[in-house]
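Chains as they are written, first to last, in this note's numbering: chain A, 266 to 471; chain B, 4 to 315.
Calculated directly from the structure, the hints in this document are not laboratory data. It should be emphasised that the depicted structure is a prediction, and the values quoted were computed from it without experimental measurement. Misleading hints may appear alongside valid ones.
[Stated by the list, open to error] Derived, one-sided and incomplete: chain A residues facing chain B with beta-carbon distance under 7 angstroms:
#, residue
1, Glu390
2, Leu392
3, Pro394
4, Gly398
5, Ile428
6, Leu433
7, Leu434
[Unchecked claim] To list a few chain A residues with every Cβ distance to chain B over 12 angstroms, as calculated:
#, residue
8, Lys293
9, Pro320
10, Ala417
11, Pro424
12, Pro432
We treat Cβ as the ideally placed atom computed from N, Cα and C, and that holds for glycine.
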Amino acid sequence: MIERLAATAIPVFARLVTGVRTNWLGCKPEPVQRVYFANHASHGDFVLIWTSLPPALRAATRPVAGADYWQKSAVRRFIGERVFRAVAIPRGGDAQQAMELMCDALDRGDSLIVFPEGTRNATDERLLPFRSGLYWLARARPQIEYVPVWIANISRVLPKGEILPIPLLCTLTFGAPLKIDEAEEKSAFIERARNALLALAPECAR
Amino acid sequence: MIAREHTLALFAGILGLLVVASLVGAFLAWRSGGDSPTVVNLNARIKAWWVMVALIAGAFVFGKAGLIVLFALASFLALREFLTLMRTRRGDHLAIAGAFFIVLPAQYVLISIDWYGLYSIFIPVYAFLFMPIVVAFRGDTRHFLARIAEVQWALMVCVFCVSHVPALMTLSIPGYEGRQLLLIAFLVLVVQSSDVLQYVWGKLFGRHKIAPLLSPSKTVEGFAGGVLSASALGAALWWITPFSPLQAFGIALLINLMGFFGGLVMSAIKRDLGVKDWGHLIEGHGGMLDRLDSVIFAAPIFFHVVRYWWVP
Chain A
266 MIERLAATAI PVFARLVTGV RTNWLGCKPE PVQRVYFANH ASHGDFVLIW TSLPPALRAA
326 TRPVAGADYW QKSAVRRFIG ERVFRAVAIP RGGDAQQAME LMCDALDRGD SLIVFPEGTR
386 NATDERLLPF RSGLYWLARA RPQIEYVPVW IANISRVLPK GEILPIPLLC TLTFGAPLKI
446 DEAEEKSAFI ERARNALLAL APECAR
Chain B
4 MIAREHTLAL FAGILGLLVV ASLVGAFLAW RSGGDSPTVV NLNARIKAWW VMVALIAGAF
64 VFGKAGLIVL FALASFLALR EFLTLMRTRR GDHLAIAGAF FIVLPAQYVL ISIDWYGLYS
124 IFIPVYAFLF MPIVVAFRGD TRHFLARIAE VQWALMVCVF CVSHVPALMT LSIPGYEGRQ
184 LLLIAFLVLV VQSSDVLQYV WGKLFGRHKI APLLSPSKTV EGFAGGVLSA SALGAALWWI
244 TPFSPLQAFG IALLINLMGF FGGLVMSAIK RDLGVKDWGH LIEGHGGMLD RLDSVIFAAP
304 IFFHVVRYWW VP
């Protein structure tokens, strides 16, 4: 009951603050199993991706984030576990365990939201270097669509370290799905995925 | 009683115009087979007009409170569009939060309690001085002056100027008691119709570009025909105002000129920012600011002209 209420209220609130606009540039919001990978600058990131999806897809799309983040308070634990059904990755655990948790969720038919930079970007760089997790995931589950999502402006709505969100307009751009080639090496795939994401960033970011 | 009759007559007239416009739009769409972008855009504009007129009519039903809430909301949407395009940095976060959550509501509360002495200087003096103080404490000096100037401009344009529309209700003009709402109708109707008429005159007779660098679609013919015919409309509406027909024409001419200049200035800003529209709020119209730019420049001047010569 409360979960349902929160699952409705959170996107309404997100729209009110950010007036979020969605550009389905390279794919359509279809019920296809996907891993959405996005730039990460704010706690609001997966809320916006989640809000942009049609309600039917939201229920089957789960964010991946560090377990410690979701444990910080009772509210976060509730939202993380019950509303978003987040895949919580123990911090400092081995990569093997993280990969198993993500593959488990995929094998159950869920889609995932991941942030390959690994941490929120608080620098003036547009995009930090990717960690290798995305490659290992694509290697382990190559049949799934990997969709780049550029989130514009959310870092200004709620920058790292601030508590009060300010209402500025955000735009999400969904790119064309990638699939890993059988022979593709780690650095080549990571490079290709990162460039596909950067290509969606608006030109006039000043 | 007069106020109610005048308001009803006015809205009946607007309704008639919209019905005619919609019929013409439907006819043009039928004749062009639905693939002329100009006609599609025209029909989107007419549809948006219906929504805007419905919103304003709804606010009129609720009187003063309704109009204050409506324009506060317009200010919020405009401010969000404006600040989205500004080059702010993390250090401006608190100042921007203050602009949205303190300055904007305070300005409209001051208008609702009719405190002229404060609402006319609140943003130009207090916000102007205190916002840079808040930003300075964050210690990020990069582009400091440009950043703080952009936030101040956003507040002046989107909150200060827009709030002068509902502020018209606070003017007490002898012999015009209880009818101030109609001043708002006069301002909005005259200035917005000037925009539409400039567009129509320009499409029909436009030959010579008036500001090729700022607004390539604006022409001398559109400007002259639109401003003069909208000013004639203003004169024809003298019966809803405290002005004589000649005064109504002069004031309509003044606010139409301000509206035209407002459009040019806001175009210059958009060009500088490299965008075509301020936002995507209204289909066919771009954002809130694309629709309000002329009213923004006209409202404070209209307010002060009326206040200086008609309020004892």
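Minimum Cβ-Cβ distance from A:Pro424 to chain B exceeds 12 angstroms: Since the minimum Cβ distance to chain B is about 5 angstroms, A:Pro424 lies within 12 angstroms and the statement is violated.
Restraint check, 7 angstroms cut-off on beta carbons, for A:Leu434 near chain B: holds (4 angstroms)
Given hint A:Glu390 near chain B, where the shortest CB pair must fall under 7 angstroms: Violated: closest Cβ of chain B sits about 14 angstroms from A:Glu390, beyond 7 angstroms.
Hint check: 7 angstroms Cβ-Cβ cutoff, A:Ile428 to chain B: violated (10 angstroms)
Beyond 12 angstroms from every chain B Cβ - status for A:Pro320: holds (22 angstroms)
Supplied contact hint for A:Leu392, tested at 7 angstroms Cβ to chain B: violated (17 angstroms)
12 angstroms cut-off, C-beta based - A:Pro432 kept clear of every residue in chain B: violated (5 angstroms)
Cut-off 7 angstroms, beta-carbon criterion: hint that A:Pro394 touches chain B: violated (21 angstroms)
Check on A:Ala417 being off the interface with chain B, judged by Cβ distance over 12 angstroms: violated (10 angstroms)
Least C-beta distance between A:Lys293 and chain B, which was stated to exceed 12 angstroms: Consistent with the label, A:Lys293 stays out of reach of chain B, its closest Cβ about 20 angstroms off (over 12 angstroms).
Interface hint for A:Leu433, Cβ within 7 angstroms of any Cβ on chain B: Since chain B brings a Cβ to about 5 angstroms from A:Leu433, closer than 7 angstroms, the hint holds.
Per-residue hint verdict: A:Gly398, partner chain B, C-beta under 7 angstroms: Since the shortest Cβ distance to chain B is 27 angstroms, the answer is violated.
Hints 1, 2, 3, 4, 5, 10, 11 and 12 from the earlier list are contradicted by this structure; the remaining hints agree with it.
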